[in-house]
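Each residue of the sequence shown is one higher than the one before, starting from 13 at the first, in our numbering.
Any given hint could be a false lead.
Stated by the list, open to error - Label-pair restraints from in silico Cβ distances: (1) 35 <-> 220: 18 to 26 angstroms; (2) 221 <-> 35: 39 to 47 angstroms; (3) 146 <-> 35: 22 to 30 angstroms; (4) 128 <-> 206: 35 to 43 angstroms; (5) 103 <-> 195: 38 to 46 angstroms; (6) 166 <-> 195: 16 to 24 angstroms.
Simulated from the structure, these hints should not be mistaken for laboratory data. Glycine residues also receive a C-beta, built at the ideal position from the N, C-alpha and C atoms.
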Amino acid sequence: DLTSTKYDKDEHYDAEGLKFIKEKAHPVMRDKMGEYGKLLRSDFAASVCQVTAANTPTKAAQSITRNMKKVELNKPVEAKKSTTTKTSGSQIKTKKLLLKETFMCTVAEVYNVFIDKQRVNAWTRGAMQSYNPDKNGEFVLFGGVVTGSFVELEQDKKIVMKWRLRHWPAAHFSTASMAFEQTDKGAKMTLEQSGVPESDIERTKQGWKEFYWNPIKFTFGFGITV
Numbered sequence: 013d014l015t016s017t018k019y020d021k022d023e024h025y026d027a028e029g030l031k032f033i034k035e036k037a038h039p040v041m042r043d044k045m046g047e048y049g050k051l052l053r054s055d056f057a058a059s060v061c062q063v064t065a066a067n068t069p070t071k072a073a074q075s076i077t078r079n080m081k082k083v084e085l086n087k088p089v090e091a092k093k094s095t096t097t098k099t100s101g102s103q104i105k106t107k108k109l110l111l112k113e114t115f116m117c118t119v120a121e122v123y124n125v126f127i128d129k130q131r132v133n134a135w136t137r138g139a140m141q142s143y144n145p146d147k148n149g150e151f152v153l154f155g156g157v158v159t160g161s162f163v164e165l166e167q168d169k170k171i172v173m174k175w176r177l178r179h180w181p182a183a184h185f186s187t188a189s190m191a192f193e194q195t196d197k198g199a200k201m202t203l204e205q206s207g208v209p210e211s212d213i214e215r216t217k218q219g220w221k222e223f224y225w226n227p228i229k230f231t232f233g234f235g236i237t238v
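Between the sequences and the hints, there should be enough to build the whole structure, so can you do that?
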């Protein structure tokens with residue numbers, strides 16, 4: 013016969029045992045889970061970065077390029093407080109963009125996703141046409157929607173680029189500066205971008221999040237918290 017056990021509502025729990033779990037066991041488990049999370053990110057990143065010319069995810073690259081073009085064609089959004097920049101004889105109203113993002117990794121790891129070609133090819137899903145991560149080196153991403161060159165590279169600390177979207181006025185580039193800082197919550201990145209056309213500020217902001225930050229976090233597990 014099946015029997016059931018009825019627990020007394022007034023049953024005493026072992027207070028000392030609970031105290032031990034809370035004070036001793038929980039910190040150990042948290043540390044172990046943290047180590048496991050780092051191992052998962054490392055192994056996953058290594059497997060993703062095995063992408064080569066022979067197995068580049070063409071369909072994914074085409075999809076992300078199409079999505080980037082859709083963002084490019086969206087109706088411009090008016091912005092406030094602009095400055096005027098002169099480009100090739102014409103004046104363009106521009107604005108500065110400031111974005112902050114935290115990645116669950118070290119500054120060295122997030123710095124490398126912008127410098128290592130295999131990693132760039134991974135988070136762009138193969139939509140990297142050319143990429144030369146050296147001073148004055150040029151890059152072409154997302155079917156030519158994003159182009160530019162590297163102005164300054166400071167290991168694990170800063171990346172400065174001349175950066176533009178294809179539909180911007182000819183020869184007009186913004187200056188995008190990424191600064192990296194290690195915190196107890198992960199790698200904090202601050203992006204300051206000056207010279208963004210006034211009518212394109214919201215679209216550019218959306219593009220950084222949708223085609224840079226989110227894919228990087230998803231691809232390498234830098235959005236995982238433990």
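Consistency of the hints with the structure:
1. 35 <-> 220: 18 to 26 angstroms: violated (43 angstroms)
2. 221 <-> 35: 39 to 47 angstroms: holds (40 angstroms)
3. 146 <-> 35: 22 to 30 angstroms: violated (52 angstroms)
4. 128 <-> 206: 35 to 43 angstroms: violated (27 angstroms)
5. 103 <-> 195: 38 to 46 angstroms: holds (40 angstroms)
6. 166 <-> 195: 16 to 24 angstroms: Between residue 166 and residue 195, where Cβ atoms are some 18 angstroms apart, the hint holds.
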